[in-house]
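K.L.:
Mind docking these for me? Both chains are given alone in their own frames, and the hints should help you get the complex.
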Amino acid sequence: MSGHDHEHDHEHSELSETQLRVRALESVLIEKGYVDPAALDLLVETYEKKVGPRNGARVVAKAWADPDYKARLLKDATPAIAEVGYAGRQGEHIVALENTPKLHNMVVCTLCSCYPWPVLGLPPVWYKSAPYRSRAVSDPRGVLKEFGVELPKDTDIRIWDSTAEIRYLVLPVRPKGTEGWSEERLAELVTRDSMIGTGLPKQP
Amino acid sequence: MNGGQDLGGTHGHGPVRPEPNEPVFHGDWEKRAFALTLAMGMPGGWNIDMSRFARENRKPNEYLDMTYYQIWLAGLETLMKERGLVAEEEIEAGRSLHPAKPVPRVLKPEDVAKTLHRGGPTERDTNTKPAFEAGQRVRAKNLNPVTHTRLPRYVRGHVGTIERVLGCHVFPDSNALGKGEDPKWLYTVRFDGRELWGDQADPTTQVSVDAWEPYLEPA
Numbered sequence: 058m059s060g061h062d063h064e065h066d067h068e069h070s071e072l073s074e075t076q077l078r079v080r081a082l083e084s085v086l087i088e089k090g091y092v093d094p095a096a097l098d099l100l101v102e103t104y105e106k107k108v109g110p111r112n113g114a115r116v117v118a119k120a121w122a123d124p125d126y127k128a129r130l131l132k133d134a135t136p137a138i139a140e141v142g143y144a145g146r147q148g149e150h151i152v153a154l155e156n157t158p159k160l161h162n163m164v165v166c167t168l169c170s171c172y173p174w175p176v177l178g179l180p181p182v183w184y185k186s187a188p189y190r191s192r193a194v195s196d197p198r199g200v201l202k203e204f205g206v207e208l209p210k211d212t213d214i215r216i217w218d219s220t221a222e223i224r225y226l227v228l229p230v231r232p233k234g235t236e237g238w239s240e241e242r243l244a245e246l247v248t249r250d251s252m253i254g255t256g257l258p259k260q261p
Numbered sequence: 003m004n005g006g007q008d009l010g011g012t013h014g015h016g017p018v019r020p021e022p023n024e025p026v027f028h029g030d031w032e033k034r035a036f037a038l039t040l041a042m043g044m045p046g047g048w049n050i051d052m053s054r055f056a057r058e059n060r061k062p063n064e065y066l067d068m069t070y071y072q073i074w075l076a077g078l079e080t081l082m083k084e085r086g087l088v089a090e091e092e093i094e095a096g097r098s099l100h101p102a103k104p105v106p107r108v109l110k111p112e113d114v115a116k117t118l119h120r121g122g123p124t125e126r127d128t129n130t131k132p133a134f135e136a137g138q139r140v141r142a143k144n145l146n147p148v149t150h151t152r153l154p155r156y157v158r159g160h161v162g163t164i165e166r167v168l169g170c171h172v173f174p175d176s177n178a179l180g181k182g183e184d185p186k187w188l189y190t191v192r193f194d195g196r197e198l199w200g201d202q203a204d205p206t207t208q209v210s211v212d213a214w215e216p217y218l219e220p221a
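Listed in order, the protein sequences are those of chains A and B. Here the working numbering is used: the first residue of the first sequence is 58, the next is one more, and so on. Here the working numbering is used: the first residue of the second sequence is 3, the next is one more, and so on.
So here's chain B without its partners, still in its complex pose (with noise of 0.2 Å):
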């Protein structure tokens, strides 16, 4: 979707603001979002494609306002919603109003490390052969897909260069509308800086996303 968190190359943020010795959590409101976000993956069943959706499927001016830790709290608030895991009388009572339904696993304290260690690979066997290889000119598609996609605005129309065959990767297309995986070949697509920014943009400069094969075309 070309929402607010599509950010590359956008205007009017101020500048970066380091912040010196940071902690890692500010508050502890940020060790129980981060914390909840984490362990409800397991009994709610969602994958980390519609987790990013649930993430930046709202107003821009509201993604933008909101902390990170913000933004995966709502992600996680709506994820549950839309499952029927928990009600927002219920967020706003502090308590269960209605039955739990039930749910595949809880995350154990036994558990933590041996989840934490496996994550969750996306990288799939496949009979297929890429159509790309290293070295071949590619064209970013103008595609614009309400929904979720990986590709961001500011590559879209420009050509560029594949660098790596990354291997066959879960499409996150598909994946985060619950259309399965579809795994689909992933490269290092490099773009000139003066391609995506104009002739004036700073010569010494490339960027590059890492693109799935539907986003491509020969170029």
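So that you can see chain A by itself, here it is in the shape it has in the complex (with noise of 0.2 Å):
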């Protein structure tokens, strides 16, 4: 067996048991009544289909598009991005950032995950993970070439470690060759990496 199909066996077996634990646990919670199945199922619905990057997608179109709200998203994002819909839980104090084509912000949580889920829903493994976590802050443009992004050498890059309360959400450069688009065709542009910093819009 090489190293690497026994990794796998190994995480396969460690993986089992804990759906097997998790199974367990849920089952004596409810037994004792701390917790409702119904309001469970409830949680994962709202993160799995409402709460998502096509929030902070339409924020960012409705940035691009509306210099007025640009304003106000810069000067106060939490006001801001509940004026679309969005607010609470892991985005209680939001902060946007917005990225020039000499400046580029990124966003990292190095002791945790925290992550602004009202705009982009629940965080992607590899934000979870160490080599993220370990080198966003020491090595960014290393870590963006592992996503495919090169930026010019002369781009001042900020990184921002979520170490408070305080959620971050970049703020792309808009897309040339998209003047007079509506904000839905906007929005289709907006990745979920681009708003991380992680990644640039798609372009037109």
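It cannot be assumed that every hint is accurate.
From the structure, some residues in chain B lie toward chain A, with a derived Cβ separation under 7 Å [as the list claims (entries may be wrong)]: (1) 10; (2) 22; (3) 24; (4) 26; (5) 33; (6) 48; (7) 110; (8) 111; (9) 167; (10) 185; (11) 200.
In silico DSS-like links for lysine-lysine, alpha-carbon gap of 25 Å or less [stated by the list, open to error]: (12) 106(A) with 185(A); (13) 233(A) with 127(A); (14) 61(B) with 185(A); (15) 106(A) with 110(B); (16) 131(B) with 83(B); (17) 107(A) with 159(A); (18) 119(A) with 233(A); (19) 107(A) with 202(A); (20) 110(B) with 107(A); (21) 106(A) with 116(B); (22) 132(A) with 89(A); (23) 210(A) with 106(A); (24) 132(A) with 131(B); (25) 202(A) with 259(A); (26) 233(A) with 202(A); (27) 116(B) with 107(A); (28) 89(A) with 110(B); (29) 127(A) with 259(A); (30) 233(A) with 210(A); (31) 89(A) with 119(A); (32) 89(A) with 103(B); (33) 127(A) with 159(A); (34) 83(B) with 89(A).
Derived CB-CB ranges, DEER-like [what the hints assert, rightly or not]: (35) 237(A) with 108(B): 49 to 57 Å; (36) 87(A) with 146(B): 23 to 31 Å; (37) 208(A) with 16(B): 36 to 44 Å; (38) 100(B) with 230(A): 55 to 63 Å; (39) 76(A) with 167(B): 21 to 29 Å; (40) 230(A) with 122(B): 38 to 46 Å.
These are calculated hints, taken from the structure and not from any lab test. Since we're looking at a predicted model, the values are computed, not measured. Every residue, glycine too, gets a C-beta built ideally from N, C-alpha and C.
P.N.:
Spelled out as structure tokens, the structure:
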């Protein structure tokens, strides 16, 4: 058995063990009356179906299309984002970071997994994993390369480590050739990673 | 604590591997671990800083070997066991073996949207004035508590600049220990990449952390 297969089997059996344990725990907690299974289903459904990066894309597209909204977003993002209908858990205090051709912002949480849930949903696995959390602060250009992003050498890179309850949303540079586009059409260009700073928006 | 969670600047973890078209959850157990963690906050009565400490407070090798939802699950078990809400033998048996403890509230389906929308804001009113202002030079103190803290090791002892005054916020170092919210002024502090990583570091890089006043001293 190769090292890789062995590792795979090991991971597989550990996951099965975890699956059984979660099931057992859920049964105990329901039996004790601490949790309501319908509330659990609703929590999952909320973050699987309703709250995700399309929310953030709407905010970004609106900021691209409406200079007054953009000014409000950059001044105080939490109420500006609430205008569009997004607020709450893990987005109680949001700051928007404007990318320019000279400045690229990138967000990390080196200590855990802090992420702006109301606008981006739950974080992807890589965001919570050691490779990203360790190197985003010390080797951002190397990390960006792993996402296929190469910035000009003279672009300043600014890393925001989310060590408190402030959550950061990157406002990417509006792609050229999108003059006069509707917010709906602009939102299609906004990727999740472009709002974390590990990617760039799609080009038209 | 200087534990496995404090990853900034550490080496050897390999490249970042983004997963194309990643699903929100990988398998049913992640959904249930996520939902149980969120739902138990209400009857459990712990706060977010206690949760974070329960997750990070384990052997670094264990922390690094677990997936993130495994860490959440382990943290949840710790919090519940500490409060006598559930016992190991009950998880092993998959059924309740001891009477349930009285809990203040249970999350009902009709309260889910409201509870998520309210969230847990951490800014508090204060009569105090911030000790630092934007543009001021500060040094991150060399603090090494064995308990929960949010000052990462890679900035300790280094000099940066106050960029924003963020208001007065619940202080995690106190809140995690159940010693009250003890709100303190919070700042965004920006460091030059070379200050943190040496002269060979990329001169175009700057890194900021959000740091509470007790983490900082004038420089």
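K.L.:
Do the numbers back the hint for residue 185(B), that is, is its least Cβ distance to chain A under 7 Å?
P.N.:
Violated, because the Cβ-Cβ distance from residue 185(B) to chain A comes to roughly 12 Å (cut-off 7 Å).
K.L.:
Check the hint pairing residue 233(A) with residue 210(A) against an upper bound of 25 Å on the C-alpha distance.
P.N.:
21 Å, holds
K.L.:
Do the alpha carbons of residue 127(A) and residue 159(A) lie within 25 Å of each other, as the hint requires?
P.N.:
Measuring from Cα to Cα gives roughly 19 Å; hence the hint holds.
K.L.:
Verify the interface restraint on residue 111(B): the C-beta must sit less than 7 Å from at least one C-beta of chain A.
P.N.:
4 Å, holds
K.L.:
Below or equal to 25 Å on CA atoms is what counts here, so check residue 119(A) against residue 233(A).
P.N.:
16 Å, holds
K.L.:
Using the beta carbons of residue 100(B) and residue 230(A), state whether their distance is inside 55 to 63 Å or not.
P.N.:
Given a distance of about 58 Å, which is inside 55 to 63 Å, the answer is holds.
K.L.:
Given residue 22(B) was flagged as interface, is its beta-carbon under 7 Å from a beta-carbon of chain A?
P.N.:
Not OK, violated: residue 22(B) not within 7 Å of chain A, min 11 Å.
K.L.:
Measuring from the C-beta of residue 200(B) to each C-beta in chain A, is the shortest one below 7 Å?
P.N.:
10 Å, violated
K.L.:
Taking 7 Å as the limit, does the beta-carbon of residue 26(B) come near enough to a beta-carbon in chain A?
P.N.:
The hint holds - residue 26(B) has a Cβ within 7 Å of chain A, the shortest such distance being about 5 Å.
K.L.:
Residue 110(B) and residue 107(A): Cα distance at most 25 Å?
P.N.:
19 Å, holds
K.L.:
Starting from the range 23 to 31 Å, see whether the pair residue 87(A) and residue 146(B) falls in it by beta-carbon distance.
P.N.:
42 Å, violated
K.L.:
Regarding the pair residue 107(A) and residue 159(A), is the alpha-carbon distance no greater than 25 Å?
P.N.:
35 Å, violated
The earlier numbered hints that this structure contradicts are 2, 6, 9, 10, 11, 16, 17, 19, 22, 23, 31, 36, 37, 39, 40.
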